[in-house]
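Here the protein sequences come in this chain order: A and B. Letter 92 of the first sequence, counting from 1, is numbered 92 in our numbering, and no numbers are missing. In our numbering, each number is its position in the second sequence, counted from 1, plus 1000.
Worth flagging that the hints you see were computed from the coordinates, not collected in a lab. Keep in mind that this is a model prediction, so the values were computed, not measured. A couple of the hints might just be wrong.
Unchecked claim - Partial chain A-side listing against chain B, Cβ under 7 Å, derived:
(1) Pro-26
(2) Ala-36
(3) Met-37
(4) Val-107
Just so it is clear, CB atoms sit at the ideal spot from N, CA and C, and this is done for glycine as well.
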Amino acid sequence: MAEESKPNTKRMSMIITKGTLDWAYPPFILATTAAAMGLEVTMFFTFYGLTLLKKKLDLEISTLGNPAMKMPMMGMHMVMPNLVSAIPGADAMATTMMKNLIKRKGVASIEELRQTAVESDVKMIACQMTMDLFEYTMDDMIDGPVLGGAATYIEQATKSDINLFI
Amino acid sequence: MADQVLDVKGLNCPLPIIRAKKALKDMRTGSTLQVLATDPGAVKDFEAFCRTTGNELVESKVEGKVYQFLIRRTG
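Kindly produce the complete structure, drawing on both the sequences and the hints.
So, in structure tokens, the structure goes:
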């Protein structure tokens, strides 16, 4: 696959370790943009990042450990103290608010960005070890990703101009 | 006059770039694409996009709240 590419093609690789709605954006925005700019992109999904490959995405926001999180609400910015996350339904409420904002502000959904990444021939690798650990099978995942491990990623990283850990 | 017009008004990063790339892919070399956007970040983004992909940014201007880019597909 990559061997067919032109020798001067730029490459980017990414390790994606997080699976909340907010953390899903940076990798998919950068992957689709880099692909649009002619780069060859490899995404390595590991630990909680692996959930971003599931057929049905059910991504949530966590208010815990996110002190900088301020949501626009009633004309002001409301802080979400860590204590709020102890209230049942707090994360679900924050998720709903975030999804409404995303729609209202013309921000792409993760589903749309992921679909664009697949269509742009972004290479996706699902971490075999995490698949075992969390008891996932490739049937749980969208079409496109291949199974691989650290060596598969490292080989791509050595050939890449940009390597990111997200 | 541009050969094709792409309206991405109301869309946020990275959609204007993604949609423009999709449109350019199906156009012949030498033809021009006009992009209409409302995302202020698109100004620097289309400059960077064109520099990196080798497409020519013929014009970049703003009229009211609408940013207009004229891109010629090259190569």
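Structure-inconsistent hints, enumerated in ascending order: Structure breaks hint 1 only.
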